[in-house]
Every structure is written in structure tokens, then in C-alpha cells.
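Residue strings, one per chain:
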Amino acid sequence: MIKDGKFGYHEAISIFVITIFIKVFFTSPTMVAKIVGTSGWLMTLISALSTAFFFTFQYLLLKRFPNMSQMEINDTVLGNKLGRLLTFFFSAYILIVAGIDMREFIEVMKVFVLPDSPPSFIMIIFCACIVALCATGLETIARFAKFIVYIVIGGYILVILLSIPNFRLYRLFPLFGYGLDKTLITGFLRSSYYGEIALVGAFAKSLQGSREIKRIGYTSIFLTGILTSSACLFFNLAFSYITAQEQVSPMYTLATMVNLGTFLQRVDPIFLFLWNFGTFIEVSVFFYASMVMFCHVFEISDRRPVLLPMTTILFCINLIPKGLNEVSTELVQSLRTWGWVFYFLPSVLVLIIAVLRKKKGELNNA
Amino acid sequence: MLKKLKKLFIYESPSNQEREFRFPENPGETATWDIYRGKQENLEKYMDNSGSGKDQDINNDNDSEYEGKGSEHNKKDDRSNNDSQNNRDEKKEKSKKNDEQSDDRDTRDKSDNQADESESNEREANEREDNEANSEKRISENDNDHENEVNTPRVIIKTLRSHKPITVEEMIKESMRKKREKFKNSKAGNNGKNQKDDRNEDAPKLKNVSHSLKENIEYLENLYKIPANKDLIIRKFNIARKIPACLVCVDGMIDRRIVIQFALPELMDESNFKDYDPGKEYILDYIERNVLTIDQLVRMKVFDDINPQIVSGLTALFIEGCDECIIMESRGFEKRSVTHPVTETVISGPQEGFTEALRTNITLVRRIVKSENLVTEFEFLSKRNNFLCAILYMDGITNPRLVDEVKRRLKNLEIDYISGSGMLEQLIEDKTNAPFQQIIATERPDRVASFLMEGKVVIICEGTPFALAMPITFFDLFQTSEDSNLRWQYGSFLRIIRLLGFLLATFLPGMYTALILFHQEMIPTSLLSSIVASRAPVPFPTVLEILLMEFSFELIREGGIRVPGVTGNTLGIIGALILGQAAVQAGLVSPVLIIVVAVSGLGNFTVPSYSMSLTIRIIRIALILFGAMGGFYGISAAFTILMAFTLNMKSFGVPFFAPIAPFTRSNKDKIIRGPISEQTYRTDFLNTLDKKRMATEPRGWMRGDGGAENDQGR
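Quick note, the sequences are listed as chains R and F, same order.
Yeah, the first sequence ends on 364 if you go by this note's numbering, and it's all consecutive.
Yeah, the second sequence ends on 721 if you go by this note's numbering, and it's all consecutive.
Extracted from the complex, chain F is given alone in its bound form:
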């Protein structure tokens, strides 16, 4: 009695073990702790609730383990141990009053107190043992202290299952024994294993959303490595001040206004749930229909589906008792605004380019293709970074087999990280060793729209301002969106210029080498004499001279790209001028060669595709070497080998040189772009569902009444 009074008025510093004590937070835990304290009623209830199934027990075991491990809650509890101690004393005081009313209860409380005392004694004894152990052991033990707290109820549950009575002292002894055994085992066998790995091994393998909110939170905390990971926000609250719930989102990826203005206040406001009848309506249905004022809500059950959404900037709402969650659209990360396309500038045509935001890019396309047939499918690709991409195609035009093939390739990617469209392109193209690209990348929405209407499939990736279109042919690489915006004569002229640029860029240096070394007889005499005169002071052989110049040109180009801002362009121009002039004056290269390299460089710039221009640069070097080895014969051989590999290429089943080799029906839209009114059919090799693009004479005003015979226009 005196001791109890003393406890009431004199503060005792709690022991380490007592500091770890905390009050249960939820009903399930209360039952567990009641069992711990030996309350038979709750114990029986617990057994009834837990059911006879073994799985339930296992789950509870796991829960309790989680409770004890790595959770920040425990640390918080440690900090508030003094309060807990006081609360406990108050409770004991209350129970003391109750004891006076009931003898039985009094007896139990006494036994409780005895148990507490014996428990503290035992723990003190253990502490002494721990002090005797070395420091390393102590650290490890402290790390595992939480397990002790949890193992105890587990032992009880297991013991109860066998209906064998056991005292609290026995329980504690048993738990301490197990703790020591575990420590020994861990020291003997798992020296290299850190605690993090243990935690991952013990992590609950939740596949679907659990009814228990606590379980879901624990799963997420463990999955996202909380508290180490500071990005994930788990906001716990009560819906209408009653139902426990939480919002889960990633900091920085969300638009906070959506959560602050349209989610949290609405959910917490009691008045929003006045009409809610739990017996009649499912809470998620009610919230979806009556509470949340957010435009896009999706329900999901599987964590594998939910997690990519959360990391993509959506917010998940988990509610106690619900085995599914609501995913709310709340993306609001920083993004670049729509600007001019950098790599595909045109004079005539739209001046919008894609950005890094997937949604923005799709919107840019939808603004051009305002059709219900434009289908956008989303796919998460890589395993680690959940790379999101959208597959766009026109239903009713695009061949479904092509769409399936694209999806098949995307779904069967087994890679942990994809950085952008460039990497994805390499992963899904037919032949990785082929000299030419098999997928075209564009940053122009209008070009994507024309690809879609042609019957191609387009992939737009998150975080990349380039869309990938497939399948493509060689001739697509010379086309720009400007071609169709200009009259056919101008468009065709530009394409021919581009093709000539391509031929010059590829063959001119090699041909020059071959001419100088092997076929001087082909050069007209007057030109030959001027070449000979200019080459006379040059000490290098022709092939070395041209390779030197090519290398210098490549250096200038690459340097110009890397130097920031306007300086880069200036460096390119000035560098080329000064270097060329200086090289000629120093007698290192001939002036004719400067012209050859400059023309081939300019020709390279006329090619619209950046990948294609890189291909040309590589082929050019090979042709110079072959030209130096065997003249035109060497170039022919190199071209044949190149063509053998190129003609063998296919882009998603379409031969690369279609519609010429193999020959298929096509519009006048290869090198010569015919009048738009004559491009009646879609390309044959794409096997589109709707082959006809327009009427035989699309200009209806030319036909029949009021048509060509109409003199209104005169």
C-alpha cells in the first residue's frame, strides 16, 4: 500500500525496459496487450477473433514484428515514455478503485502489479547481463530490443493455441531466451547481413490492399523505406472524424492545392457525411459520388498497380475496412512550357514542339487529331523507375496486328531502368546492329498527327520531348512536316535537295579520294591541273589529308553543340573558317579538299533526322577508307555491303526500302511529293484497315453542279 502511495507522489526514473513500454494504439493491439497482462476475457475474445486459421496468426505475427522494427512510432514512444508512465500510474490508480468493488479484479490487479515488478526485475537482470557483454553485442541487442516487445505476445498466442496455461514470468523468460538465441544465430551466421536486409525479408508480401489500414500503412512504410525516405507523404486522418484513413502521395510530384483544397477538407468535413448510411452504401462509392471534387478517380486493389501511380504523382486514399483504394489525379510537378521544336524547325507550319510532360504532349497531338478514334494506351515499362509511355494509334486505320506487335515488344521488356525515348527506341527496334534507325523520333505534334493518320503507331514517353513513330521506311527520313504545308512543287524540290545533300554528304569525300588516287583520267584536264597545283605543297597522302579534315570538322561540330548558347554556333562558324584558312595557308590541306569537306558537311545538315545524319557521318568514313583501298571498285563494294544489311532491315515487319524494294503500291509521296489531291490511298505496306484517305477527286467543288463548269470564280 505504501509502495503504491509512494509511486503516486515520488517520481522514479524509468528503467530502459520500461522506457520501451507503450500503450496499445488500436483495438487489436489492446487485445494483444491484455493477453500479455493476463486478462482472460480479452484473451478468449482475441482467440475467437483471430479464428482458427493459421494464416491469421501468421499475419498478426508479422504485424507485431513490424510494429517493433524500424518504425518511427517506436522512437516517438520512447520520447514520450514519461507520459506513458504517468498514464499507466493513473490507470493503475483507477484499477485500484475498481478493485475495492470487486475482489476478483483486485486479485488480478495484484497479480498484474506482481507481474510488472517481476518483469522489471527480470529486465534489470537482463540489463546486467547485457552490460557484461561486449559493446558490439550490446548495439546489436539494442537494435533487436523492439523484437523482444513483440515476441512476447507472439509466444503467448502460440502458447494459447496449444491451450497451455503460462505465467507472465515464464513468458518473459521465454522471450528473453529466444532473443538470446536469435542474437547468437545472427552473430554466427548473418554477420554480413544488415538490419535493412532483415527488414526486407520480413516485409509483408501484400499483393492486394488490406482491409486493415494499419497493415496498408505498414506495407507502404516498409516499401518506401520510411523514415529513411523523406519523399513519401502518408497523411493519416479520420474521415468525418470517425473512420481512420490516410492519403499517400509523393512530395514534389503532386499539386498540393488538389490535396489541400479538394481532398482533405472534403473528407474531414463531417457535414459531407450526413447522408451517409454505412448499412446501405459502400463508403468508397459514397466518397466518389458525394465527397471528392476531383475530376479523375480510379479504384485499385493491387499494390503493383497502385505503386506506379503514387510515384507518378497521383494520390492514393486508403480507408480502414476497405480492400481497395481511390487513386486521385493530383499530378503537379514542375514542367517546361511548350516552345519551338529545337531539332525540327520549319518556316511554314506549326511552331509547337513536345515537352517533357507526357500529358502535355498527348494534348498537343489531340489538339490536331480531334477524333474519338485516337486511342491512347499507357504502359509502365521498366521495373525500377516505372517508366511511363503512351501508345497512340488510330482505331479503324492502324492495322491491329501492328498495334499488338508494338505492345508485345513493350510488355516483354525486362529492364530495370529506361531513361527516355532514345533508350526505348533501341530496346524495341528490329535490328540493333543495323546501320540505319528503324524508328523515327520527332518532336513535332503535327508530324505525329500525320504519322497516326497514315496508320502508324506512335509512342510518347514521359520525360522526353520526342515521340517515336513506327514502322518507318528509308524515305520517311527525308520528309518533314513542311513538305505537306507547301505546294507540291516546292515540297518536291526541297526533298530532292535533301536527297542530293544526303548523297553528297555520304559519297563526296569517298569519291574525291577515289578520283585523286585511282581515276584521275575522269577529271577534266583543266580541273585536274588546278587540283594538282593545289595539292603540290601538301605533305600528307590524300587519304590522311581528308581524314584529318573530317576529324577536325567533327570536332568543331561536336564542340559547337557542347558549348552553351550562342557561343556554340559562333564557335562552329569561326572555328571552321579559321581552321580551314589556317590549314590551307600552312600547306597542310588543299583548298579543294576544304570545299569537299564543307559541302559534305552542309549536305549532312540538310538531312532532317539527327540519327540519320550520324549514320551518314559513320558511312562517310568507311567510304573514304574503301575509296582509298580500291577506288570506285572499293566504294562499290562498300556500298554493296551496306545495302545488303540495309535491305535486310525491317521496321516492325515493313522492309526498310519499301515501297521501292519490294515494290508496293504507294502515293506519289516518296521523293517527289505529288499534289495532295492525288494522294488518294494510304501506303500499301502498312496494311491499314481503311486504305482510302480521300475521294478520288477530293476537291468536290471541281465536280458536277457548280463545279468546274461554274463560272463563279471567274
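Chain R with its partners taken away, still in its complex shape:
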């Protein structure tokens, strides 16, 4: 029996910070450089603000239905059939997101670390980690995230500090990149970058009430906004925007550029650990949320039997993209641009319907 368990403020923030921030280690900064040029740091702040705006709707919804998860709210507001259909689609979507993120990681790993290993070998090890984490429950994932978040952020700061000799201030200009309007629009659309915060609805029952959810949501968005913006800023300082557009993983390249004396050279393998742990957590969180929703839709009380079949589906989703180019330019780009439709729009719609139909949670009715 896999139990969600309960976890607190620190663990929840750790989960969302890792899940959102880890994307900066992959191809996302490259895409940002391609779209908005040097103003990626500003664009991501706008994305964070947009996400905070959308999250407000989700928070209001969760506040309206206290002690209920997003899936239960969907059922209550939309009825059993429509609510479960919505939950099922969302479950499928985040499983696909998990698969794409995993494939992105595997492709980058193949480029930098394991060029001779077949992707399926890397996938099998990855899937074993997901099964181990998900089999022990959400509480364990949260604790692992809490344990790892310090290492990830510490490693990130270390890489940035060691890369300071490569920074050039003039690379930041022009400050608004390809134009402020483009930066603003892209920033709004790419709010999907922070879309993982929507999973708070799936894990609402493991958190300590709606007030805590509010704190967790906004704090996570704020922290990841700051971290991602700083990362984009440092990439801009380290690479000219033309060079940045050609990087597979700017962060990894930044780590390879470390050259302090004759001993402290190339710390990229150390950086590899942060990358691995962060991605294991990110994909596990997506996978677990998908599994929770799937089990809710089909009223499966014991999730353990579902674990291996869903891992097989995840493995198969991983095999669909042809290569890194397809993953980074098409799939990831689509997810980042239109992901908000899946992450936030359902919550907004459900809230509106709940208000119109005057549906409320038990505590609010009392």
C-alpha cells in the first residue's frame, strides 16, 4: 500500500523548487535565448508573476473546498463523469510531461556523459529510481527533495561562483532583448515553466490546509523565479546571446568552463550529481501525481499494482521522440508555451463553475 502521508512547509517547498528549477539545467535557457535574446532573466520573472496570478485561482478553489484534493473538487463541481474525465486528461498530460522531461535528460546525458550507452539502458536505471521513490510514497519523495534541495542550490551557487571569471557585463545588453513587448508576451505564455505548482492541488491532502498551500505556492514561485532569473542572468553574462542559442545545456557548459589553477578544472561531473538527483525528483513527482489521479479516476485504492504498468507506459513514452532535436525544439517548446492551458485553465474554469453553481466545501457550508 503506497501512502501519500503528510509533509510540511519545508518539504513541500523543496519539492516544487526542485521540480521547477531543475529545468534550467537542460535546454530551456537555450530556447529562451533564441526567443527573447538577452532578456531571458526578465522574461522568466514575468512568467513567475503570471504563474502567481494563475495560482491565485487554484488557491481560491482549494480554499473554497478545504480538505479536498483537486480531483475531488473536480468531481464535486463538475459531477463524477465530467470531473473524472478532466482528471484523467490531466493525469495523461502530466505523464507525457514526465516522459518528455525524462527523455530530455537522457538525451543531454547521452551528449555529455554516456555517449556509448543506449538510451534504453539509461531509461531502465532511471525507471528503477522512479519506482523506488514512488513505491515508498509521496512523503518519502518530499523528504528526499528536502534532503537534496540544499545540495542542488549549493551546487548551483558553487558553479556560478566558480564561473565568475567568465562573466562579461556587456553581454547583458540590450537589456530588453528582442523588445519589451516580445519579452512580456513570451513571459506570459511561458508561465508553463512554473506550471508544476499546479500539482499542489493533487497533493493538497498531504499539506496542512489551505493557508499552508497559499504559503507554499507563493513562496515556491518566488524562490524559483529568483533562482531561474539569476540563472538566465548568469548565462547571459557568461555567453553572448548568439553563443547561448547553440548550447545544449548552458549550465553544464558553464561547469565545464571552470578553470581555477591547475587542480580545480572542469567540475562538470560534480554538477552531474545535482542534475541527476533533481531530475529523479522532478520526474518522480510528475509520475506520482499522474498515478494518484489515475487511481482516483478508476477508484483504485492500492496503488502498488499500478506502479509497474505505469512505469512501462512512461518507458514507452520515452521511446517516442526520435532524438534531442525533436525533444528540445518541438516537444519541450510546446510544453513550455502551451502548458498553462493544462496546468491552470482547468482550475480557473472549475472555480468559475463552482461559483456559478454555488458549490462549496463542507467547512464553508457550516
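Honestly, the hints are just simulated from the structure, not real lab data.
Glycine included, C-beta positions come from ideal geometry on N, C-alpha and C.
Possibly wrong hints are sitting among the right ones.
To be verified - If you want a taste of the chain F side facing chain R, the calculated C-beta under 8 Å gives, among others:
1. I241
2. F525
3. G582
4. F612
5. G637
6. L654
7. N655
8. G660
9. P666
As the list claims (entries may be wrong) - When the alpha-carbon atoms are kept at most 35 Å apart in a straight line, the in silico DSBU-like pairs for lysine-lysine are as follows:
10. K1/R x K657/F
11. K203/R x K698/F
12. K1/R x K699/F
13. K4/R x K699/F
14. K438/F x K203/R
15. K308/F x K4/R
16. K212/R x K221/F
17. K698/F x K1/R
18. K61/R x K657/F
19. K699/F x K438/F
As the list claims (entries may be wrong) - Residues of chain R clear of chain F, computed beta-carbon distances all greater than 12 Å:
20. N78
21. F103
22. I128
23. K144
24. F220
25. I279
26. D300
27. I315
28. F340
Mind docking chain F on chain R? Use the hints.
Below, chain F alone, put in the same frame as chain R:
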């Protein structure tokens, strides 16, 4: 008349059946034998005494069966049959004199004699029959001969119950018939069943101490398989030369001086009972208050409680007519004296370690925690070996729910044998498949004291020099009692060294494998060239080379432990040096690898917990394999899987990585040990009743008048 005279002067060799005859030993038995001999008065008395209840009869039946079965008394009686025969003749002579005074009595005696004669004739006839039977049958019959002796009065009692007159001859015939039937049945259906099993089946199921001393003794004799079992001592005697009693103890487990000097003489001395008035005072009360000069006396009624005490070295006193016994403290078995702890040596701090004696260990703890709030509860655990353990906790500090949980787990153990604390630890821990231990074992009383004061529960077991403390977290495994004895800077430094040792021992060989096989670019060029040069003559792949070295190192370590005395340490050092040197010279391993394995081995030794060091050794092998498969990616994956299971672990409800994951309030006493004066609160995750350990500023001399502003110290 002539025949009687002849019996007086001419010795006749008694027949086999006569040899089995014995005189009754107690009043109840006398009545039974009187019935056997046809004395109507006693018979009526017996019926009155036995009451109309069916149970009483059943008990008597069982008693008599016991009397006949497997008892050493019977053998003794056999040996003294000649004396019995003479006594019987004397008695008959006396009765003959009495016969002259009373016709009725004369008649009865005659009938007695007739009955005896007919009885002996019948028995002779049976003997002949037995001789005709095969040898196997005869052996079985001889085994059951005692039953014959007993079955006879049983038949009488049953017959009397129906008020049907019956002669002695009929009775004997009936008993012999039943004997034959029983023999046939046993041969037909119970071929595989030995006598021992029969005896156990027939054993009285006494739950409480009986009023009858004989019954209690029989129960104990049967329970302890006497006479086969030579360990149990049942010393029968008379209290003040009047009241039958017995002392029961296990040879070797008791201090004989207590029994010889303070129990037996006091109980047997008539002068000690001058003031005793049976009408006013219960004998056990009197003995407890006025006779026995032993410090610890407990009364018990239930044999299930009494037996563990007896086998633990206490002495039980059973008295005729009392339905409870007195348990006297008399433990005095051989034990090791208090010495240095073997596995947890420290430079600064107490040098005492636990021994195998439970009482000594508890005393060692009590010497440190001199508090009325220190509660020690005892529990017998296993069903067969009555494994005794003590549960220690601080009343008013420890969370009662934790204590209840520990007790619940202990009480619900259904196992016949527990050898020691190690086995108990495995039986009560939360997850048996988890990589790390969930209970900490220590042989230091001062550490146990600090655990208790922290709000943990401690179990000390009989026969083991280790105490078990629970619940624990990961960080407890790196702490020693020395940490708090040193200034906080030194204590923190030592903890960091230990943590680094742990990390090196766990990850270094795996990382080395990954670096050599996958991430050569990370190694600085000069270092890489020296590694390549040293590895050039080595014919094995890196992973095989490192596994070979690790295996050799483990062999040396295990061999060093098993070799006795100083030779073991010497073997370890010399073995490692010679083996390493020889391996490098032979070109089997590279010198860098020797350094890697040696450093990881040394790191392993810095970990204070032995179980933890074993865990590290196992994890290390797994990480080497994963490192060889996928480099740092493989190690990350292995670490993630390990952490998934470890973070899921709980020790008695406390998450293993508390207070970091989950985050809870705690003192600066995880990896960095802060100043003692700043450790104001107890650990939050233990939910102790008293959360505050000291005042906000425990150094009162720093405050207020005469405090910091005082210049006395300048």
C-alpha cells in the same frame, strides 16, 4: 496360626508384586490404602473428605497416577521392600494382639490376611501369564506396573461412589483386566508414543499453587522432568519441625549461602516460631515478617509467574496448606566483572562497560541517573528460554506512548528462543529489510543515561553486554559519549571527521571506479597521468581490481577479529601491509587503488556503530557496481534508491532523518555539537513530556547579582 508364626521367624523372599508394595506416606494416602484393605471407617471418612464434587475425585485420580509414574520415590521404595515387609509383619503382629481384644477386628484382620493371600496368589498367576508373553510385552508391562498399584484405589473410589460393595479380589481382578486392556490399546494404537509423552499428557494442569504441598511438588517434578533433569533442587523439610515445606531452586543459578544461612536454618529453627499462633496469623505473613532474613521476598500464586523466577535463580518456598509461595532473591550465578567497553572506547569519559548480568547493568545506569523517576520494568519474552529484559525510561520525560509502543512490541513477541539483544533488536525494529539499523546498541552506561535523559526508552537484556536504545535517527549513529565530555569545538570537529570518514568509506571506491571508467576528464592532467602510469601493468579491469582488493580487505578484517588476542590485530596490520605490497609488486593492483581501499577502510573505522559500519561495507560494494555500470549517473541512481528506502524508514514512529527531513526543532546537536549551555530543549521529534532541559541561561553565575558583572573571577 502356625503359618503366622512361621512368618515371624522364617524369612520369605518377597514376590515381585510384593516388592512393589509400599506403605502410605501421608494421611490422604493412608485413607486410600485403608480403602484398599477394606476398612469401612476410613472409607467413609475418605468419601466425606473427598466431598461429592467430581473434580476432587479426578484430582485424586491424577495424584495417584502421578504417584505411580516415573517417580523416583517408587524406585526407592523398591529398594526398601525388605524393610517394608518386616514393618508390615510387625504391624500384623500388633493387629493380632488387638484382635484378641476385639472379635470384630479379629474377623477383619483375618479377612485382611485372606485378602493378602488371595492378592499374592492372583499376582503370581498374573506373573505366569506375563512370563508366557513376549519380552517386549513384558517390558511394557513392567513400565506400567506402577499404574496397577494406583488403578486399584481408583477403581474402589469409583465403585464406592456408586455405593456398590466389592471385594478385594474383585478389585484386583478388575484392575488387572483394565491393565491388560490398556496394554492392548497402547500396543495397538500408541506404538510410537513413548512413556514420556504419556506422562506429559497426564501431567496435572496446575495453574495456581495448590494447598497440597505434595501436589505442588509433583507438578514441579513433572514440569522439570525430574529425575532426568538434575538441575532442579527440591529440598523438603519441616518448618519448625512441624509444617511440611520445600524449597525449590535451580542448582548453579543460586547463591547457596543465602539458602544455607538465611533460609533453611531460620525456617527449621523451632525457636523462630515460638510466637506463632496459627489461629491469628497466616503462616506466610509470619515467615515474611519474623523468620526469613532475606531482603527481597515476593509472594506468587500462579505457576506461570513462578517458573520463570525459579529458572532465573530465585528460590521458591512452598508450604503445606498455603495456596501461594514465597519467592526469595537468591541469584548468585557466575558473572563477569565490570570492565572497559570493548567496542566503544573513549579517551575522555567513564571507562565502564556493561556486563552480561542484568542487575549489574541496571545498577551501572542507576549510579549515573540517581533519580526516583527512572523506571525499570521487567519482561520475560521468549516462551522456552524465558529471556529476561528490563525496560528503562524516565517517568515525566519519556513520552508514555513511546513506552507503551515498546512494551506492546515486546509483549506480542511469539518466539520460543531469544539469545540476546541482537536478536531482540531484529524482532522489534520497524523494517527488517531496511539498510540501516533502527535501534542503537551501546555497551556504555553513560550513553544509556544520556539516552534516557533525552526521552528515549532503553532495553537491557539478560546475558548481553549491550543496551538497546530507541527511537534513533541517522545522526545518533555518529555520536559518542565522548562528544559531550569534550568542549563543543572538539566534539564538533570529531563529528565532522566521523561524517567525512563515513562519506569516504561509502563513496570513495565507487567514485574512483566511476572516475576511472567514465569521467577521466574530471581528473587533473598530472594526476591522471600518474594514475594511468600506475595502472598500465595491471591486467584486470578496474572494477574487478577494486572488488578484488575490497574482498581481500574484508578477509583481513574478518580474519583479524576471529584470531584470538593480540595476534588478531597483528594479523590485520601485517596482512594488509604484506598483501598490499605484494599485490602492487606482482602488478595485480595499482598503488592508487591500495590508497583508495585503505582510506575507505579507515573511514569505516571512524563510524562508532558496528552495525552502521557493516551497512557501509554493503553499500560500498553496491556503489562500486553501479559506478562501473553508469559512472556518476549510476552512483546517483544507487544513492537515490538507497535514500528512498532510508527516508521511508522510521524508528518507533520517528523518521530516520529527523530533524532534517522532516524538519523539526532541535538543538545544535546533529553534526555540529553546539555549546552545552545552548542545548536548552530536548529533541522535538521525541515529544517528551518535559521539553525543557535547562534554563535559558543555565549558567546561573553569569546572571544578575554576582554574575557577569562580578569581578571576583578577575
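- Hints the structure fails to honour: Hint check: 1, 3, 4, 8, 9, 15, 16, 21, 22, 23, 25 fail, others pass.
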